[in-house]
Structure formats: C-alpha cells, structure tokens
Amino acid sequence: MMRKIYGIILLAALFTVLLQVPVLAVEPGEERVTLGANLTEAQIRQMYTDFNLERGKVKEIIVTIDEERAYLSGLVPDQKIGSSSISSIYIRTLEEDSGINVTTNNINWCTEDIYRNALMTAGVENASVMVSAPFSVSGTAALTGIYKAYEDITGISLDQTAKEVAAEELVTTSELAETIGSDDATMLMNELKKILDETKDMTDEELRVVIINLADAQNIELTEENIQQIISLSRTLEKLDISKWGDKLSQLAETMDSAKEAGKGITAFLNGLGDILAGISDFFANIFGGIGKLFGS
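Numbered according to my numbering, the sequence shown spans residues 1024 to 1320.
Any given hint could be a false lead.
Unchecked claim - Below, in silico cross-link-like pairs of lysine-lysine (DSS-like), each with a Cα-Cα straight-line distance of 30 Å or less:
1) K1171 with K1080
2) K1262 with K1103
3) K1171 with K1082
4) K1171 with K1103
Worth flagging that the hints you see were computed from the coordinates, not collected in a lab.
All figures in this text were calculated on a predicted structure; none of them were measured in a lab.
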C-alpha cells in the first residue's frame, strides 16, 4: 500500500508540470498575505501567528466573497463556497526550480496536493504557500487569494483561461477525493494531463474507455458520475497549451531520479505503468517508454 501511495505522489509531482502555461519571471523573496474579508480582528491576529509574521511587515490583500464566487460559482457547490471568505494565505516566492510547497491548517476540503496541482496549472511556480483558517473551512477562498497575491507580486494577470481551468481542476479533484481518496484523485488527473494532446481527438466514449483502463490499472473503482466528471475536466484541460513541457519535466529529473518507490527506482515504476497501458495504444506506450529512458539515464 505504501509503495502505491509513494508512487502516486511521485507521478503527481512529475506529470503536473506537463500542463503549465508560461510562467512569469519573479524575484525570490517577494511576500504577500491575503486575508478573508470576513475575519474578525482576533482571527486576523491568529492568522499572522499561524504564518509566524508580524502584521505590517508584509503587504496585505483582502479577498471578498464576491471575488471568490467570481472564480468558483458554477464549479463549487454553494455550501462549499459559503457566505463568507475565511481561508487566508501567506505566499513567498522562491528561487528558480524550487517548485511549489503548500501547507494547510484547518482546511477540510482542498488538500495540499490539490492546491499545488491547481496552482501549477494556472502558471504559479516557485513559491511557498501557507493556507490557514481560524476554524475548519473548505479552503476555496484561499485559491482566489493565491491568485491575487501572485498577480500583485508580478504586476501581471495570470492567464484567465488557465485560472478558470485550474479552479475547475481543484473542484473536480476535491470532489473525486471525497469518494476515491486524494492520492488516487490526484494521480488520475495527472495521468490524463500527459495524454491531453491525444484525448482531444477522442470521442467521449473513447475517452471513457481510457479513463476506466487508467483506473483499473491502479485498482481504483469509479462511479459513472466520477467518470463523467473526469471527462468534463479533461475537455476543459484541453484548452491549455501543453506543447512546452520538456523543460519543466527535465527540471524535476534529478529529484525524481533520486527518489525511491519503496525500494524500486523511478524507471522500473514508469516502465511498469507503460506495460499496463501498452494495450491501449502505441502512443501511450511510446510516452511511457520515453519517460522511462529519461529517468534511466
């Protein structure tokens, strides 16, 4: 079981980067705090304590419920958005190739991996993000807060389509996680990301078969509703440009190659998945073979 979970985490980290939009150049060390507009003064003090910051030392940005709804209405159930903005974030930009580090506190719906994937999809990179709330909340306001903070740091808006796609990814993955678990939900999303240039030419029924095969290969049981959710998200993800993934993949090569999947190397793990999927199409087998060679060198 631990080997499976560790392998999923490695694949999630690896294949999420295949779908990134161009990333904005940002100097390391930039910091922002975003606060939910409905926090009390006592709760704001608690947030700064959680972030280990002194108020006034870092630029502060407010996130309102209207802004949250602008991103997530129609994607997130109303009960998840709620009627107030609570979850808050502290973001600090990091050196190039550092990736995205996410920690959460009192967030009961969005996991760290789900935040990380959504941020990468939107084009956020090389950042340390702390998400917190004074009591248990879904964490939907935090995604809007991260976008606002990152745009304030760069002075440039993130691609609107990418933000919308990332929001849908966060929502769908979170909903899947409620039924199949966070690790499996994240893995399925990233499995699909790496073959999007092929799925866009598939019919929904052909894509359905691929999804079922991917799930079966990992002993994941999907409901028909799950499958339809994944098909819908795949069609949305296809809107993004995935042509420039090579550099991002190679950036992770050293880290991924040194990791071990419970005693097995990355190459063996990827080649094993390649064997499982070889029957789907030559295209899939070629992708896994190429990646296996990359990490085997």
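Now for the hints, and whether the structure bears them out:
{"no.": "1", "hint": "K1171 with K1080", "verdict": "holds, 18 Å"}
{"no.": "2", "hint": "K1262 with K1103", "verdict": "holds, 26 Å"}
{"no.": "3", "hint": "K1171 with K1082", "verdict": "holds, 12 Å"}
{"no.": "4", "hint": "K1171 with K1103", "verdict": "holds, 20 Å"}
The structure shown violates none of the earlier numbered hints.
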